[in-house]
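K.L.:
Here are the chains, one letter per residue:
2 protein chains.
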Amino acid sequence: MSGASSKTLERVIAALRGALGDEAVRTGQAIPEQAMTDWTGHAPMRPAALLLPCSTDEVARSLAICNEAGQPVVPQGGMTGLAGGAIARADDIALSLARFAGIDEIDPASATMIVRAGTTLQAAQDAASAAGFELGLDLGARGSCQIGGNLATNAGGNRVIQSGTARDQVLGLEVVLASGAVLSSMTKMTKNNTGYDLKQLFIGSEGTLGIITRAVLRLNPPRGRRHTALVAVDGYDAVVKLLRSLSARFGNDIGAFEIMWPDFFDFGVALTAHARSPFPAAHPLYALIEHAGLDTLDEGEAFFAVLAEALDAGLVRDAVLAQSVADARALWAVRECTAEFPARMDPVNFDVSLPIGLIGEFVDVCRAALDKRWPSNRSYFFGHIGDSNLHVTVDGHSIPGVAHDDVYAFVYEMLAPYGGSVSAEHGIGLLKRAYLPFSRSPEELAAMRAIKAALDPKGILNPGKVI
Amino acid sequence: MSGASSKTLERVIAALRGALGDEAVRTGQAIPEQAMTDWTGHAPMRPAALLLPCSTDEVARSLAICNEAGQPVVPQGGMTGLAGGAIARADDIALSLARFAGIDEIDPASATMIVRAGTTLQAAQDAASAAGFELGLDLGARGSCQIGGNLATNAGGNRVIQSGTARDQVLGLEVVLASGAVLSSMTKMTKNNTGYDLKQLFIGSEGTLGIITRAVLRLNPPRGRRHTALVAVDGYDAVVKLLRSLSARFGNDIGAFEIMWPDFFDFGVALTAHARSPFPAAHPLYALIEHAGLDTLDEGEAFFAVLAEALDAGLVRDAVLAQSVADARALWAVRECTAEFPARMDPVNFDVSLPIGLIGEFVDVCRAALDKRWPSNRSYFFGHIGDSNLHVTVDGHSIPGVAHDDVYAFVYEMLAPYGGSVSAEHGIGLLKRAYLPFSRSPEELAAMRAIKAALDPKGILNPGKVI
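Read top to bottom, the protein sequences are chains A and B.
So in full-length UniProt numbering, spot 271 of the first sequence is number 271, and the numbers just go up one at a time.
So in full-length UniProt numbering, spot 103 of the second sequence is number 103, and the numbers just go up one at a time.
Careful: at least some of the hints might be erroneous.
Claimed, not checked - List of simulated lysine to any residue pairs, SDA-like, C-alpha gap at most 25 Å:
{"id": "1", "chain 1": "A", "residue 1": "Lys241", "chain 2": "B", "residue 2": "His391"}
{"id": "2", "chain 1": "A", "residue 1": "Lys241", "chain 2": "B", "residue 2": "Asn252"}
{"id": "3", "chain 1": "B", "residue 1": "Lys458", "chain 2": "B", "residue 2": "Pro108"}
{"id": "4", "chain 1": "B", "residue 1": "Lys241", "chain 2": "B", "residue 2": "His391"}
Treat the hints as calculated values from the structure; they're not laboratory data.
Work out the full structure: start from the sequences and follow the hints.
P.N.:
Take a look at the structure:
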């Protein structure tokens, strides 16, 4: 850093202290480690300062000061991201809304909730639940991640097949622009055709266009009636047929449709308590399916009956129907072995999406190509197929000396001709920026840059991320 | 028009003829009347030319030529709009995609359809239906309106309570920018977090940011099992309770929840075949409710049973349950009396939205204020309450000498403090532009203008509309 910019930074920090008070402007050792990197652990770095504003107005004043000085600002949520999107550099000022948390209102008539950006997802879920509703968003990081980060990254998670992504939960949004202007579109209405739907721009733009401070979220009727089944099928075509027939019969009461290819399934089974497959034989493909019906109606029997019919018709080769919560947990344990990935391998993780009908073919092509290029590779394929989302994890230990970036480039290049996306849910952030052109055209990138320049002309918001 | 600009226009038209051929560039009497105004009949005007490109590439070439010359272009769909958004001025060039129609692909595995913008909604619905699916969009103008216009205006219609607005049907979009650049984001995936979700900008922006040429739409499982009931309730609180309890029990199987205040209901009844209310007594409020279940499951009995319980519990005062398609049609006939509005009055139509819990109060306040200001007024209140959408129609004949604009301003001013929107579904277009500030803040309008300037720097696309 040059002496001049160091001085600017000192002046900016002094101005911020004046505006927000010392308590809200942390520097040096007063910045907690949590602010240094996200769940990837990538390149931990202490930012020049961490701002902890307590209100929309304080965010506005912070950004006005930073924008005036051209000072980069990195918005931070719960730091549970998987793309490095919230990691600050040494000269950046990080801004966290951890102190601007809580539920401003629950409106049961509108079935809406007004949430401050620093609220954890768990707290928002609990409040919805206490009011007799359910939030359409759930993810593993719920206890740490914050609503602001969830919306800024358009988080996916466990309920997408039923309720859509984070974007689909939002009716209204309050955002502070780089200039400090507060853009308040805090509407509670499903229908509102009055000019451009500005909120959509900020959802999923990873803090590069504005800082989300509050949101109006939809509330759904609760879905507490869960029934779980693990089925084995012949191949990918059967998976698609099963998905479509369950969707035609149960609509969005299908709450999970998780596919596991054998390598992944066997890895998961080996880590369960008994280390035994629930099936007597091995099969080409496994699907973990959940029916999540409304609290008022139990369709578990109907769900199991449809699966039994599929078994009789030969569409399904074998099935285990959970008869208790413990049974269901045991089935989910296989799928949830991903939690063990970091401890048991050097995971090179892919979070891609592609048209549902092509996922089976892509897995075959991708596996064959990986085997040819790196014969010793161990790779695991699984995904939320109902959401068009495929996860691939390659164990870096199985291909010693190969850089992760080489594996990324190799797989993304294969993905492009399938009309695939390099990030289904984790976002681009810092870590996937180089791969964005595999999914977006030069015209799209140019349009993104034009919008970025229009809303953040000095480029102070999360510079170096996404585009 | 000055001689100079007239010459420019001639040059532009000549260049367009060169690029697209004479058949695709209509002028003078070769422009059909349909291109002169929309369903409002507002200020019919023959544009300087009507372009009928047959491909995305021809749209791109057309816009490149017009942009070069700074020539305004007005995109036109089926001309069924209700806000004047597609009406051209005498110096404008209109562009219709009527000749770029048809379904490019139906992908049953992804449950998606690729549609050209000039396709009528009806044709898209029929194609979805033939493939065993259903489109999540339906409106009265289905035979004439086009997918491009539906998306450009984020159309609402009959299925919003179940499937959302037009926006919610879109997975991918192809748009031509003012410059002629083709922005292709034709993805089929539910999950795709690779930079800004550009398609959202064009949906609902009424042709002011780009011209939509193709779209990837979601396909839903068909909902052919319809059951209809008309219920009478004590007041608005009971309406909200009923909506929430039906939603908790049936989720998005509730396909319609239409509320009619007595003036509207009596007007509708008087126009039915027998001109008799289905109820022996008058009631404070009426709800027409439809259960629209998946084809594979008939929950009609359960639906009627829940209404019977509500009757027993006193939440509902009286109920008529349709026992046949003819019964259902008779009940809908009351609600559909709106088709008679233009013939039987001088309708001043409002299409507003406000938080669901406040609609009852707003109706009372609004009616009292109208009665006080114009004691002779006849006004009709009804709406899609599940979508937060209220329609108000004031009969201009009942308040002779009062300008429609005075009625608009009077009602919109009342709406603003409720956090309401001046357009729930019809859009802003030309006719509501003056009222946009009742719903959007100066900061929002400034952000819209910044985005407009970034994507259409010369302002050639649908000038004078929306903002």
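K.L.:
Indicate, hint by hint, whether the structure satisfies it.
P.N.:
Against the structure, the hints:
Between A:Lys241 and B:His391 the CA atoms are separated by roughly 43 Å; this puts the pair beyond 25 Å, and the hint is violated. For the given pair, A:Lys241 sits about 23 Å from B:Asn252 by alpha-carbon distance, which is consistent with the 25 Å threshold. Using a Cα cut-off of 25 Å, the hinted pair B:Lys458 and B:Pro108 is violated, with the two alpha carbons roughly 42 Å apart. Simply put, B:Lys241 and B:His391 have alpha-carbon atoms about 21 Å apart, close enough for the 25 Å limit, and the pair holds.
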